[in-house]
Amino acid sequence: MPRIFCSIVHNAGVPDDSAFELAAAARKIDPASSPTAILTGWGANLDAACNALGAFYPETWKIANQALAYPNAELVRQALLRVLPGNSIVLVAHEHFGIDLAPGLSIKLNSAFVSDVLDVVGVEGASLNLVRQEFGGQVSAHVLCDITAGAVVTIRPGAFKAGQPAQADRLVVDKSNETGTLTARRRYLETVAPEAGDVDITKHNILVSIGRGIQEKDNVVIAQELADALGAAVSCSRPVVDAKWMEKSRQVGSSGKTVKPKVYLACGISGAFQHLAGIKGSPFLIAINKNPKAPIFQVADVGIVDDILEFLPALTEKVRELQHVA
Amino acid sequence: MEILVCAKRVPDTSENEIQLVATGNDIERDELVYSINEADNYAVEEALQIVARVGGNVTVATVGGEEDEEILRREMAMGANRGALITDDAFNGSDGRGIATILKAFVQQGHYDLILTGVQAEDGGAQIGGMLAALLDYPFASLVNSIEVLDGGKLKVSREIEGGNKEMNEIDLPCVLSIQTGINEPRYVGMRGIRQVASVPIPTFAASDLGIGVNTIGEAAAKVKRLNYFIPASGRGAEILRGTREQNIDQVLQLVAAKGGLR
Amino acid sequence: MLLVRVEDMGDIQSAAQISSWLATGRVLFLTIHLLGVAGFAYIVARRLRPLFRGERDFRFDRPWLRLAKVLKFWLGQWKHPRYKLAGTLHIFIFAGFILLAIRAFTVLIVGVSENFVMPGFSGRVGPLYGAVTDYAATIVFVCMVIAVIRRLVFRPARYAVPARYGKGHPADAIFLLSLIAVLMLADSLFAAVRAAAQLHSGQPVEVLAALSLPWMMQKVLVSNSVAGLGRLYFGAYLVHELTFYFLLCYRPFGIQFHVETSLFNIYFAKLDREILKPVRWGVDDEHLDQVKSFGVKTFEDFTWKHMLDFYSCADCGRCSDNCPANAVGRPLSPRFLTIKARDYSFQHYPVLGRAIDGIALIGNQASRSIYSEDEIWSCTTCGACEQECPLLLEYIDKIVDLRRGMVDDGKVPQSLQKPLKALESRGNPYGKMEKKKGDWANTKEFQATCQVQTLGKGKRADTLYFVDSITSYDDRMQAIGRATARILNHVGESFGILGGAEKDSGHEARRFGEETLFLALRDHNVAAIQACGARRIVTADPHAYNALKHDYKNVPPVEHISQVIAREVKTGRIKFRPLDDVSRVHTYHDPCYLGRHNQIYDAPRDVLDAIPGLRRVEMTRSGDRSFCCGGGGLMLFYEPKEECRMGVTRVQMAAKAGADVIVTACPFCMVNIEDGIKVAGLEGKMTAIDLTELVDQQIARACPDSKAARPEETKQWEMASSDKVG
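Chains as they are written, first to last, in this note's numbering: chain A, 1 to 326; chain B, 1001 to 1263; chain C, 2001 to 2726.
Next comes chain A alone, as it looks inside the complex:
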């Protein structure tokens, strides 16, 4: 069974939540051994991140290099190639950095590559049986991945629940000297933040979130009225931003904001994982959608099959009624 490494993304000294999910995925692949975390970076932040991983990873490999102060996938890949043992299995979170890093890494490692994995069925001979989705989540597929030469697998954030932390040896191995000089023909310049919108959706306890089902810009007001009545904010999924019905600052998802409300109303949202990836902290998720087969109903706590264009105004009406009485 190849050794399993988890490539960890961290920011300001704090590892991303996905770090612990990767550990859980690794244990499902090989229950008999523990995965090794592998991090790149520079300075005190890197050290802090390494230390924070101890509860889930008995061994953490640290690669410190000034060139890696900002995670540039081209450079990180070089560093990993020089440090990783052959035929390893490398797990990476399927988000913007993983998408950048993993496919090229698999080529250079000469390993198999499977992306956006939701579940591990198990090892079958020289292969790994994994589950992923296709067609916007309408169907799932079992995929067999030959791990003779190792594999690079990206794991969907949130698909695996972080397990229990273990009291184990915590070892941080410094592999910084093995990388050699790192050069790349892609250079990081800066990060540009979007223009601040008037509403910060990350600060609200209740979010009325709309998707394509709102159908047109003029209907957004229906959601706004409900939000006003509830003291909530309106957020949305990506298609609503692409159609220019709401500002980017309202988008919840992997390429939008991460929110941690207490209650999340998903209205006319199909439930694509990129959107769900932006919802953290397990809020109470109420889904309203005309399509009873919408994937959102898989992950919601409570579901209502109804037309949001009729349901939301009726809901708003009732909220106002209750407030007048109260």
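Simulated from the structure, these hints should not be mistaken for lab results. Ideal Cβ placement from N, Cα and C applies to all residues, glycine included. Any given hint might turn out to be false.
[Unchecked claim] In silico DSS-like pairs for lysine-lysine, Cα to Cα no more than 27 Å straight-line:
| hint | chain 1 | residue 1 | chain 2 | residue 2 |
| --- | --- | --- | --- | --- |
| 1 | C | 2457 | C | 2432 |
| 2 | A | 217 | C | 2432 |
| 3 | B | 1156 | A | 203 |
[Unchecked claim] Facing chain C, according to a computed beta carbon distance under 10 Å, are these residues of chain B, among others:
| hint | residue |
| --- | --- |
| 4 | 1078 |
| 5 | 1187 |
| 6 | 1190 |
[Claimed, not checked] With the Cβ distance kept under 10 Å, some of the chain A side facing chain C (calculated, not the full set):
| hint | residue |
| --- | --- |
| 7 | 216 |
| 8 | 221 |
| 9 | 242 |
| 10 | 243 |
| 11 | 244 |
| 12 | 309 |
| 13 | 310 |
| 14 | 313 |
Here the structure of chain A is known, so what remains is to put chains B and C in place on it, guided by the hints.
Relative to the frame of chain A, chains B and C by itself:
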């Protein structure tokens, strides 16, 4: 600038209901309508806009069979100068790495400054761009949502990262970029446009034309194979409220209040 | 004043001497004549230049029909009274001009040939004509004064020029009106002086019409000295001649050009209003591939007749005043579509200077382009503009042509690309599967009351019910399909549907400029219709009706369901039971493609009036002045920039008329009106119902429990009724 866009023909998710065949090996394909993968279409539009600014040509290529030619024609109707159908029975069953290997051979028999793909296909793994770049040893950037051509054989690209932030990078040519949807507003192509390019020849390329060793591609060389499709058992899922609309509203409001919602 | 009696006079002056007052100016007058006529001819020739570069337009057929239209719309000023005050003024002015034509001509010639008399106007005709034209000149003068006051003081809103369309030319309008007044004054003065001089000389006086302008002037002038009269005579003549020629040469530089072009514009006006202009005249559908560029992209792509339209616009603003898109703040104003094009042609084809051609008309960076993309996509093709225009200007063809040009260049808004693509791949703009097209008829409850067969494969029927996309696929509109089917059933019609073999009629695809897609849909449907063997077609969708009637060839005759119902009410096969709730006030909203485009106004109203207990009122804007609901087909997908929705405005009109039920006969109207009710905050106070639903509900059927057989629709209707506040 010579730009190559690698495209894929996929079932259109918004115009199809995906269902499985009885045996579960595949989805029902009889009544599907296909089109070019949405992100690839954005990539072609971006390529066209770049050559409109700096001059050059746009080639659109796909690995597939005769039925895939229609997307090449559509993109040529959009304005691409050349289409290329890379087809050979030996390619069947290739995994992502296999497809990237085929594309690498195609790239090397031409001369391209910039290679674009869509970030991901409907039935794909968001892998081709990154793999192709690694095989060619070209720099790569994924999730690109803006491209600016700089002097001296460089591009300034932004990548879409979390929180709506844009990660600005400078990248040397030749390079590979995977393009995110929403980067531009693709122009419309109608039936008339396609008719006008209906008789333009689209060259085909087989394994032998590209010098691809058959042991590197195809089913035999694939390290990743799809076993079957399935619809997962519902599992927990949501508790669907089955009352009248008014009853549902009442219940929703109770739950919202209980979970720390209402003022 | 024409008749100059040459008689021997004793006294100080003689008639001949009066005319000899002009003799000294003969050379001058002749020169002015020549310059004026030459100038005018040159200007008109220059103005005709772009027309020779424009696309061809076949307008020389059916001359008798065209002449009849000239009599009705040009001579008869048929459309003018739609705006009472301005219309009346214009009728007087126009009549005055026509009447004065011969008088003016005679006066002009008199300066050069002093004894000139128009052939046929000696004898009794002359003085009679003289009197009539005395009044005519007076009335024209008075009308000019009223017009100037109207423009200066009252400033009707439709003349205003919003900032984004440029500057208005109010001073110019007033200047021209004033000049015409001057012309009338000069003419009257000329006649008055002559009469005064004749009095002086003791000759028989030309009788001036009592209380006319010349008559009044003559009363004042009679005290003048002869020499003074002589000078006035010369002066009046000169002013008359100069003003006349100035106006003649100045008119082609502005909206007054319509004085000359209106006759031609109306003669060449489109005879077959409901047939859209083909992509290119003379090129039939099979040979369209030979056309290199579709649509209008540059000014020269317009046909010569469309260019003539631009010249003929009188800038009256009636079109924009009735345009629903304009009313809700969309960037479209039909008046300015024309005026901007006219200004463009004046600028690029100047009377003096070189022509500049080939500039793109549409662009979003409006450097030299005159239209914006949104402006052209905003039109719902409702036809209100064409209905109003007194000069019969054509708008829909131009908009469709401009859209064809944008489609050809790929400039289609993203919101429209998806439904167009779905139309191409699935035959409907929703992207739904073909095999589900007939599912609306297969619900269990419905099948218990009515069986709808799908034609083909051995199943035949006399009548084809063409359902079209929205009624087939939209959850709400399927109720219209079911109601229609039940009505056909009730009257014993043998009918069926095409089911999955039916594709979208393509009506909007064509009007949005996607001609190729339209032709593909049409050809498919025509084949399916012919194969099914039906002898007539019925539809409840006015857009499908319009397409089948006018856009399609070689298909059986088509009727709208309202016509069928109206007929069967008369035969007695449909009898209505009284309305349950007689307190409700209904109003009928005329769908654009049933009413204005196809003149079916009465049938739906007759049906409603046949329902006992139904109270009905008319909105102010009804009939051919109906206000578009917002548009159908692809327009439902477009996201316009507007201040208010058309549907909301229409619902407010209904409320103002005192109605609380809007009845319509088009599924797209239903979408927009129900939406409008919600957005206007009138839910519970106003409901909308389709004619077929209402009829289906009210038909007196043999089975008493037939009402229970339609639970879902009835529930909707009843729920809506019970939501009524108060």
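Status of the hints after comparison with the structure:
Taking the CA atoms of residue 2457 of chain C and residue 2432 of chain C, the gap is about 23 Å. The hint holds against a cut of 27 Å. The suggested pairing of residue 217 of chain A with residue 2432 of chain C holds, with an alpha-carbon distance near 23 Å, which does not exceed 27 Å. Distance restraint check for residue 1156 of chain B and residue 203 of chain A: the Cα-Cα separation of roughly 34 Å exceeds the 27 Å cut-off, and the hinted pair is therefore not satisfied. A cut of 10 Å between beta carbons decides the hint on residue 1078 of chain B: the least distance to chain C is about 7 Å, and the hint holds.
Interface restraint check for residue 1187 of chain B: the shortest CB-CB distance to chain C comes to about 3 Å, inside 10 Å, so the restraint holds. Given the 10 Å rule on beta carbons, the hint for residue 1190 of chain B holds: about 6 Å separates it from the nearest Cβ of chain C. At about 6 Å, the closest approach between the beta carbon of residue 216 of chain A and any beta carbon in chain C falls short of 10 Å, and the interface hint on this residue holds. Of the supplied interface hints, the one on residue 221 of chain A holds, with its beta-carbon coming within about 8 Å of a beta-carbon of chain C, less than 10 Å.
Evaluation of the residue 242 of chain A hint against chain C yields a held restraint, the C-beta minimum of about 9 Å falling below 10 Å. The closest approach between the C-beta of residue 243 of chain A and any C-beta of chain C is roughly 7 Å, which is under the 10 Å cut-off, so the hint is satisfied. Evaluation of the residue 244 of chain A hint against chain C yields a held restraint, the C-beta minimum of about 8 Å falling below 10 Å. Checking residue 309 of chain A against chain C: minimum C-beta separation of about 8 Å stays under 10 Å; hint holds.
Evaluation of the residue 310 of chain A hint against chain C yields a held restraint, the C-beta minimum of about 9 Å falling below 10 Å. Given the 10 Å rule on beta carbons, the hint for residue 313 of chain A holds: about 7 Å separates it from the nearest Cβ of chain C.
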